[in-house]
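**Q** Please arrange chain B on chain A, whose structure you already have, making use of the hints.
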Amino acid sequence: MQSWRRKALLLALSASWLLVLLGAFPLLRLAVPTRPRAGASQGWPRWLDAELLQSFSQPGELLEDAPELPQGPRGGSCDWGACFDASKCRGGGLKVFVYSAAGPVSETHRRILASIEGSRYHTSNAAEACLLLLPLTRDSSAGECSPVPPQWNGGRNHLVLSLHPAPCPRTFQLGQAIVAEASPTVDTFRHGFDVALPLLPEAHALRGGAPGQLRQHSPHPRVALLALAEERGGWHTAGTNFSACPWDGHCEQDHGPEQTHPGATLPNATFCLIPGHRPDASHFLQALQAGCIPVLLSPRWELPFSEVIDWTKAAIVTDKRLPLQVLAALQQMPLTRVLALRQQTQFLWDAYFSSVEKVIHTTLEIIQDRIFGASAHPSLLWNSPPGALLALSTFSTSPSDFPFYHVQQGSRPVGRFSALIWVGAPGKPPLKLIQAVAGSQHCAQILVLWSSEKPPPPRWPETAVPLTVSEGHRKVSDRFFPYNAISTDAILSLDAHSSLSTSEVDFAFVVWQSFPERMVGFLTWSHFWDEALGGWGYTAERANEFSMVLTSAAFYHRYYHTLFTHSLPEALRALADEAPTCVDVLMNFLVAAVTKLPPIKVPYRKQHQEARPPLAPEGRGPRPEPQPPVRNCINQMAAGFGHMPLVSSRLRLDPVLFKDSVSVLRKKYRSLEKP
Amino acid sequence: MCAAVKYSLRGPALIPRMKTRHRIYYVTLFSIVLLGLIATGVFQFWPHSIESSNDWSVEKRSIRDVPVVRLPADSPIPERGDLSCRMHTCFDVYRCGFNPKNKIKVYIYSLKKYVDDSGVPVSNTISREYNELLTAISDSDYYTDDINRACLFVPSIDVLNQNALRIKETAQALAQLSRWDRGTNHLLFNMLPGGPPDYNTALDVPRDRALLAGGGFSTWTYRQGYDVSIPVYSPLSAEVDLPERGPGPRQYFLLSSQTALHPEYREELDALQARHGPSVLVLEKCTNLSEGVPAVRKRCHRHQVFDYPQVLQEATFCMVLRGARLGQAVLSDVLRAGCVPVVIADSYILPFSEVLDWKRASVVVPEEKMSDVYSILQSIPQRQIEEMQRQARWFWEAYFQSIKAIALATLQIINDRIYPYAASSYEEWNDPPTVKWGSVSNPLFLPLIPPQSQGFTAIVLTYDRVESLFRVITEVSKVPSLAKLLVVWNNQNKNPPEDSLWPKIRVPLKVVRTAENKLSNRFFPYDEIETEAVLAIDDDIIMLTSDELQFGYEVWREFPDRLVGYPGRLHLWDHEMNKWKYESEWTNEVSMVLTGAAFYHKYFNYLYTYKMPGDIKSWVDAHMNCEDIAMNFLVANVTGKAVIKVTPRKKFKCPECTAIDGLSLDQTHMVERSECINKFASVFGTMPLKVVEHRADPVLYKDDFPEKLKSFPNIGSL
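Protein chains in written order, with full-length UniProt numbering: chain A, 1 to 675; chain B, 1 to 718.
Just so you know, these hints were derived from the structure itself, not from any lab.
Glycine is no exception: its CB is placed at the ideal position from the N, C-alpha and C atoms.
Errors might be hidden in some of the hints.
Unchecked claim - Have a look at the derived ranges for each label pair, beta carbon to beta carbon:
1. B:434 to A:58: 37 to 45 Å
2. B:615 to A:432: 54 to 62 Å
3. A:394 to B:516: 53 to 61 Å
4. A:435 to B:530: 54 to 62 Å
5. A:566 to B:507: 48 to 56 Å
6. B:579 to A:544: 38 to 46 Å
7. A:153 to B:434: 44 to 52 Å
8. A:233 to B:498: 52 to 60 Å
9. A:150 to B:163: 47 to 55 Å
10. B:498 to A:336: 37 to 45 Å
11. A:394 to B:100: 42 to 50 Å
12. A:336 to B:682: 39 to 47 Å
As the list claims (entries may be wrong) - Below, computed lysine-lysine pairings styled on BS3-like, alpha-carbon distance capped at 27 Å:
13. B:369 to A:596
14. B:504 to B:581
15. B:708 to A:606
16. A:659 to B:702
17. B:101 to B:504
18. B:702 to A:667
19. B:504 to A:659
20. A:674 to B:702
21. A:674 to B:581
22. A:667 to B:581
23. A:667 to B:690
24. A:313 to B:710
25. B:518 to A:313
26. B:710 to A:659
27. B:103 to A:668
28. A:606 to B:702
29. B:579 to A:668
30. B:710 to A:674
31. A:95 to B:579
32. B:518 to B:679
33. A:428 to A:606
34. A:313 to B:101
35. B:510 to B:112
36. B:510 to B:494
37. A:313 to B:611
38. B:504 to B:494
39. A:659 to B:690
40. B:436 to B:611
This is chain A alone, in the form it adopts within the complex (with noise of 0.2 Å):
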């Protein structure tokens, strides 16, 4: 009886854990239904009588929309189809006239003055201008601001620019004008009409600039990943282990791998902390020029030229509130993004910021695109190397027509080549020449122009390729104008003195087509710095490096002859065509300072022959001493770019079998080693 009783019980005991490990939980699962899974169940949800809801407007109602007439700016803000009268500005693009100081000139407004003057914005004559600039600065003397200028109609096209904040208290109502002012406040920007500039320092460079500060593309792997703008104008850095750092300026917690830069110096770290404040936002700038990715935390600030730059390719703005997610997302950045915010940084430094002249040039390629509407920049243009400074929207908007983004699109410059003659003062038709260039498989034209005192013979050569003589050309720098009869994306430009075989031109065109943004040519100079005379030299002699080919035998690509005639200042220009030698620095100077690189060397038959180029007619030819007026046009140039752009290169391109001991029969280039 009891061990029955016993068993009875044991057998109920054991039963019953079955029962709770096998079915507990579904039993639970059915009793407790409340929490399914997320997302899955318990959203929005399915009505059924979901099909027969009503549409949210009847269909009359969006047709049907009561006319009115549109309303006038409101409260003193201004858009651009409101308040700027685009009518004045037809042809020939944005035209720019500076309101000259009443008073003795302050060092801001003569900066703003020889930023302008000279450049293909400016115009003397007020009424001509459709744009109209006010430099607000602080009169040296006074202490007062430019007075109302007489044109003013309310502010209508006028241009307020101060560089340097709070230069004085409006006197006057600003109106309709727009405001170019460093670092706005977003509460006061009108977007689409403002313009935000950086906060430039006061002794920022007025042409060229210092360049980017970044010396490699990745970071190096021991550099520090944060540093932190303080208060008084330093950096502070600390190291990898970073952690929990409070946002604003101080670091209380580590003490460790850290240390304080005192004054402006440039950051070295990966990422740079700018707080949001007003005054913070020179460390912007210095971020940029250092190559550390600018983190803003919750700025106050519009970012600089916000209209067209993409600021998330270069810059992180975050929200200060939400620290740990900021550390913890840099710290785990892809390196790809690391490596491409970098180097964005350094490509906006240069285009963009890096001298006055800069910042000034792109404050009013903004405007003109506003006007020029379809017609603008298109945002790749901006936004990556060169800048749209340097890719003129005057010439195409379509990225595939400039040299410099065929990677990008994964397109191809056009298949041929225009080869352009000039012929100088003995008016020798260069017969042998173009022979030897006609024969060229890829030659789709020639085009002599005649600049000689005699006139041109009446009879060419016949080629299988279209020839064409066109005559007038004094000035040399007209060689490099943009002939509307250039068809041809590549330009073979030559002398009437150039001496080429048709391999040589063939498989430098074939080089170019990988390089369609350098200069690809045969014969090189190389520049130095003299230290005896302190300034630039260069020389024609054969060296182990080169920055520079001569254009009397150049592979090029069209768009530098629209760059050369429409983006060069005059000054220069007027140079070269007093010094004929000087054109060939010119137009090296100008590719160089767009691309950053260095020409491209193709082997070349007759060099060992000719101790210097024989190629330029009387007075042109660099001597291998230069002269020091030559001397002078080197100076000069890089006087007017700010800086020198020149790069020096050590190799060549030769064909892959070039001088190798094997077969000539399987040499494609055979003749290139003829002797």
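**A** Just chain B, lined up with the frame of chain A:
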């Protein structure tokens, strides 16, 4: 229990010798256990019934059954919208913290029917579109049903059309939402704002700090970086089946299809038509349509009747003029037709303008210049027009075509603001898929010549050829720019030689031992690599001179985004076999360099190890071959550029190890290599390798020039 008791009453017959008290006790216990077991069995053997029980809980309800909420007349009203609101000031970002996926969580309030004191409804409960919108959010990754974890709240109160609601009462309904809190983190969707006579450009319902996704913002009402400008959905055209039509010239140059226009605009349009004749088509409402034809689907010009929206496909440019409201549903129809919208509505904030680049898909003309519109449009080159047509259609497909697309784009924009470091890029928003495919974004795009002083790190992969390895180390150490030497010891069965046996060299020498004998170890991004330039070199390449290596480094500095190597190879298309072929003969072209001796940027090690597409990496390790071809593919694919071959052709390996150059071995080798190329091309989906006809030599190479004065005299000698 009742049954059990009854059972026990009849008990004595079954269990005669038991006491009644105990009987009741045990029988009850057994019954419970039995019942439990049965229940368990049921759930164990029909597990699907549990799953489906979840489905039963999905609400299949009627909208008429939603709870009714009575709003007292004096219930609070929110403040009017605060125009100075920005994400940094009005948005409570703390609610969105602690989210490893960088995705905001969105909660939707449950549907209620709001009535006022006298029982009159505040608005239609919900429209078809708003229901679709909330369904789309609910089905998306953003959705959460946990109000406490939500970062963004979407009321179920439908304010899409201001005409369909009572302003004050709707505001009161908003204010009584459980987490309203002055509207913080609340998102309202509105497509038709304002009402007669002045037609405000933003929703008139007081909403305090709530974000507004609105159709038809103007610059005066739009809070940049806070509100989201959305399209006005066109329910009418959604019902029409409109096959896509490619870009290209069309019958009409400019077309206007809007029916309700201000007389002034109508005059301008008529003047345009008079001036430019048949290339301009100005359509109007049809006046004398026969019965039963829906007037909204027809447009008329004089006596000609056109189908709408089909007629839009016949025009290159289509006018989108402001009506009473700035946002016009016609914009959506125009984009869909691949017609380039000509937007004439001053101060209008175009839909999603925060992320979409409208310059690529539309022409915006100031109202003042409406009379010049024809000449403005004519100045646009044909190629650009076609690009705009394509872009317009793509915008419609991606962001306009359904309520779901609109809802998700709106949430994505807000998400990008909150997690900016994970935001979609300009290209991701704006480039159509075909462009995304064709374009290359070089990871080392900045033209930058690294300083020579940085030097390079040589990485020697070795197994057990110690003698040859030591010769390579000695040779390489003579190169002036060498900064560090890394030996990757790939032999797990044998220890590397003792420290004292290694050659003494002037730079640091590190030996890394690997866990497995894999070829990909050569391309691992070792922490020891501090320079950007890496020289990969095999342990048997002893024929390269110091001059050649130093020159190779100089060439790499000028082309830091490319592979710069010594032995060059070529890929060819075999027309007979219809596949790629590997070529190592004396050719005039080069498309690959062998990584037995090549300079490249260390970033490519990272790419090779972590970002190699498909199964290429494991395939290479399994076959013990073609790691160099894989690297060539990878670099060419990511940069879109060709390799650079340096110096003339020569024999690279030691002269005494020529024994393996047997013909048959050579041929199997070629077949294997060709297979690699075909395999990789299929994984990459394209042939990324670029063929070039040049190689890099020193400027004065083989020139008639004193050898003593040349920088790199010892190059090319066999």
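**Q** Now, for every hint given, state plainly whether the structure supports it.
**A** Right, here's what the structure says about each hint:
1. B:434 to A:58: 37 to 45 Å: holds, 38 Å
2. B:615 to A:432: 54 to 62 Å: About 59 Å separates the Cβ atoms of residue 615 (chain B) and residue 432 (chain A), which means 54 to 62 Å holds.
3. A:394 to B:516: 53 to 61 Å: holds, 60 Å
4. A:435 to B:530: 54 to 62 Å: holds, 56 Å
5. A:566 to B:507: 48 to 56 Å: holds, 51 Å
6. B:579 to A:544: 38 to 46 Å: Hint holds: Cβ distance 44 Å, inside 38 to 46 Å.
7. A:153 to B:434: 44 to 52 Å: Since residue 153 (chain A) and residue 434 (chain B) have Cβ atoms about 49 Å apart, the given range 44 to 52 Å holds.
8. A:233 to B:498: 52 to 60 Å: Given range 52 to 60 Å: holds, Cβ gap about 55 Å.
9. A:150 to B:163: 47 to 55 Å: holds, 51 Å
10. B:498 to A:336: 37 to 45 Å: About 41 Å separates the Cβ atoms of residue 498 (chain B) and residue 336 (chain A), which means 37 to 45 Å holds.
11. A:394 to B:100: 42 to 50 Å: holds, 49 Å
12. A:336 to B:682: 39 to 47 Å: violated, 25 Å
13. B:369 to A:596: violated, 42 Å
14. B:504 to B:581: violated, 44 Å
15. B:708 to A:606: Roughly 22 Å between the alpha carbons, so the hint for residue 708 (chain B) and residue 606 (chain A) holds.
16. A:659 to B:702: Roughly 8 Å separates the two Cα atoms, so the pair holds.
17. B:101 to B:504: violated, 51 Å
18. B:702 to A:667: holds, 17 Å
19. B:504 to A:659: violated, 38 Å
20. A:674 to B:702: holds, 13 Å
21. A:674 to B:581: Measuring from Cα to Cα gives roughly 33 Å; hence the hint is violated.
22. A:667 to B:581: Holds, at about 21 Å.
23. A:667 to B:690: With Cα atoms ~20 Å apart, residue 667 (chain A) and residue 690 (chain B) stay inside 27 Å; holds.
24. A:313 to B:710: violated, 44 Å
25. B:518 to A:313: violated, 37 Å
26. B:710 to A:659: Holds, at roughly 17 Å.
27. B:103 to A:668: violated, 58 Å
28. A:606 to B:702: holds, 13 Å
29. B:579 to A:668: holds, 25 Å
30. B:710 to A:674: Holds: residue 710 (chain B) and residue 674 (chain A) sit about 22 Å apart, inside 27 Å.
31. A:95 to B:579: violated, 59 Å
32. B:518 to B:679: holds, 19 Å
33. A:428 to A:606: holds, 21 Å
34. A:313 to B:101: Since the Cα atoms of residue 313 (chain A) and residue 101 (chain B) sit roughly 21 Å apart, the hinted pair holds (cutoff 27 Å).
35. B:510 to B:112: It is violated: about 71 Å lies between the C-alpha atoms, which goes past 27 Å.
36. B:510 to B:494: This hinted pair holds, its Cα atoms lying about 17 Å apart.
37. A:313 to B:611: Since the Cα atoms of residue 313 (chain A) and residue 611 (chain B) sit roughly 21 Å apart, the hinted pair holds (cutoff 27 Å).
38. B:504 to B:494: holds, 22 Å
39. A:659 to B:690: holds, 23 Å
40. B:436 to B:611: holds, 18 Å
Taken one by one, the earlier hints fail for this structure at numbers 12, 13, 14, 17, 19, 21, 24, 25, 27, 31 and 35, listed in ascending order.
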